[in-house]
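Novice: Heads up: the sequence shown begins at 187 in the working numbering, then just goes up one per residue.
Quick caveat, the hints were computed from the structure, so don't treat them as lab data.
Don't take every hint at face value.
Claimed, not checked - As a list, the in silico DSS-like pairs of lysine-lysine whose alpha-carbon atoms are at most 30 Å apart:
no., residue 1, residue 2
1, LYS278, LYS290
2, LYS238, LYS289
3, LYS289, LYS236
4, LYS238, LYS193
5, LYS236, LYS225
6, LYS216, LYS227
7, LYS216, LYS290
8, LYS216, LYS238
9, LYS251, LYS290
10, LYS278, LYS251
11, LYS289, LYS216
12, LYS290, LYS236
13, LYS216, LYS236
14, LYS238, LYS227
15, LYS216, LYS251
16, LYS216, LYS193
17, LYS290, LYS193
18, LYS225, LYS251
19, LYS225, LYS289
20, LYS278, LYS227
21, LYS278, LYS236
22, LYS193, LYS236
23, LYS290, LYS238
24, LYS251, LYS227
25, LYS278, LYS289
What the hints assert, rightly or not - Here are the computed distance ranges between Cβ atoms for each label pair:
no., residue 1, residue 2, range
26, ASN209, ARG285, 24 to 32 Å
27, PHE245, PHE206, 32 to 40 Å
28, GLN207, GLY259, 21 to 29 Å
29, ASN228, ILE187, 17 to 25 Å
All C-beta atoms, glycine included, are put in the ideal place defined by N, C-alpha and C.
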Amino acid sequence: IIVQAYKFASNEYRLFPLRFQFNFCDLFIKDIGGVGSAKCKNFVGCPSQKGKEYHICNFGPDASKLPPFIPNGRYMLELQGMYGTNEIWLAKVYGEVVRPIWKKDAIC
Numbered sequence: 187i188i189v190q191a192y193k194f195a196s197n198e199y200r201l202f203p204l205r206f207q208f209n210f211c212d213l214f215i216k217d218i219g220g221v222g223s224a225k226c227k228n229f230v231g232c233p234s235q236k237g238k239e240y241h242i243c244n245f246g247p248d249a250s251k252l253p254p255f256i257p258n259g260r261y262m263l264e265l266q267g268m269y270g271t272n273e274i275w276l277a278k279v280y281g282e283v284v285r286p287i288w289k290k291d292a293i294c
């Protein structure tokens, strides 16, 4: 799976310098982004069964398993499922990064 991020700016999603690639099975085995610990899924591991439909639902990523220091804002992630050099599926995921605003205490 190839993941490319886009950040919403000037009324459109623009390329964001976050791109990575990982093996589909590792997504669940290594719990990348918290996908492996999702409660509502029917994928149990690799190898996958031919002709079976898999699903994941009501998923919210685990922030502790995502790259740190991503700026607040709206994002689109484009996920490409690849088999060798052939694209077999494409998904677009939309989300928003929001952190509470805090002020550093003044030391006198």
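Novice: If a hint holds in the structure, say so; if it does not, say that too.
Specialist: Comparing the hints with the structure gives:
1. For the proposed pair LYS278 and LYS290, the alpha carbon gap of about 37 Å is over 30 Å, so the pair is violated.
2. For the proposed pair LYS238 and LYS289, the alpha carbon gap of about 51 Å is over 30 Å, so the pair is violated.
3. For the given pair, LYS289 sits about 53 Å from LYS236 by alpha-carbon distance, which is inconsistent with the 30 Å threshold.
4. As the CA atoms of LYS238 and LYS193 are separated by approximately 34 Å, the hinted pair breaks the 30 Å bound.
5. Using a Cα cut-off of 30 Å, the hinted pair LYS236 and LYS225 holds, with the two alpha carbons roughly 23 Å apart.
6. For the suggested pair LYS216 and LYS227, the alpha carbons sit about 16 Å apart, so the restraint of at most 30 Å is met.
7. Simply put, LYS216 and LYS290 have alpha-carbon atoms about 36 Å apart, too far for the 30 Å limit, and the pair is violated.
8. Pair hint LYS216 plus LYS238 holds up; C-alpha atoms about 22 Å apart against a cutoff of 30 Å.
9. With a CA separation close to 26 Å, the supplied pair LYS251 and LYS290 stays within the 30 Å bound.
10. Restraint check: the Cα-Cα separation between LYS278 and LYS251 comes to about 20 Å, which is no more than 30 Å; the hinted pair holds.
11. Between LYS289 and LYS216 the CA atoms are separated by roughly 35 Å; this puts the pair beyond 30 Å, and the hint is violated.
12. Distance hint between LYS290 and LYS236 is unfulfilled; the C-alpha atoms sit about 55 Å from each other, more than 30 Å.
13. For a cut-off of 30 Å, the pair hint linking LYS216 to LYS236 stands: about 23 Å separates their Cα positions.
14. At most 30 Å may separate the alpha-carbon atoms for a hinted pair to count; LYS238 and LYS227 meet this at roughly 13 Å.
15. Annotation: proposed proximity of LYS216 to LYS251 holds, straight-line Cα distance about 10 Å (limit 30 Å).
16. Under the criterion of a C-alpha separation no larger than 30 Å, the hint pairing LYS216 with LYS193 is consistent with the structure, at around 26 Å.
17. A hinted pair counts as satisfied when its Cα atoms are at most 30 Å apart, and LYS290 with LYS193 qualifies at roughly 28 Å.
18. A distance of roughly 16 Å separates the Cα atoms of LYS225 and LYS251; the hinted pair therefore holds under the 30 Å criterion.
19. At most 30 Å may separate the alpha-carbon atoms for a hinted pair to count; LYS225 and LYS289 exceed this at roughly 36 Å.
20. For the proposed pair LYS278 and LYS227, the alpha carbon gap of about 19 Å is at most 30 Å, so the pair holds.
21. Restraint check for LYS278 and LYS236: satisfied, since their Cα atoms lie roughly 24 Å apart, inside the 30 Å limit.
22. Under the criterion of a C-alpha separation no larger than 30 Å, the hint pairing LYS193 with LYS236 is inconsistent with the structure, at around 36 Å.
23. At roughly 52 Å between alpha-carbon atoms, LYS290 and LYS238 are farther apart than 30 Å, so this suggested pair is violated.
24. With a C-alpha separation of about 18 Å, the suggested pair LYS251 and LYS227 falls inside the 30 Å cut-off, and the hint holds.
25. Note on LYS278 and LYS289: the hinted pairing is violated, with a Cα-Cα distance of about 35 Å set against a maximum of 30 Å.
26. Checked against the hint of 24 to 32 Å, the pair ASN209 and ARG285 passes, with Cβ atoms roughly 30 Å apart.
27. Take PHE245 and PHE206: their Cβ atoms lie about 19 Å apart, and the range 32 to 40 Å is violated.
28. Under the hint 21 to 29 Å, the C-beta atoms of GLN207 and GLY259, about 23 Å apart, fit the expected range.
29. In this structure the hint that ASN228 and ILE187 lie 17 to 25 Å apart at CB holds, the actual value being about 18 Å.
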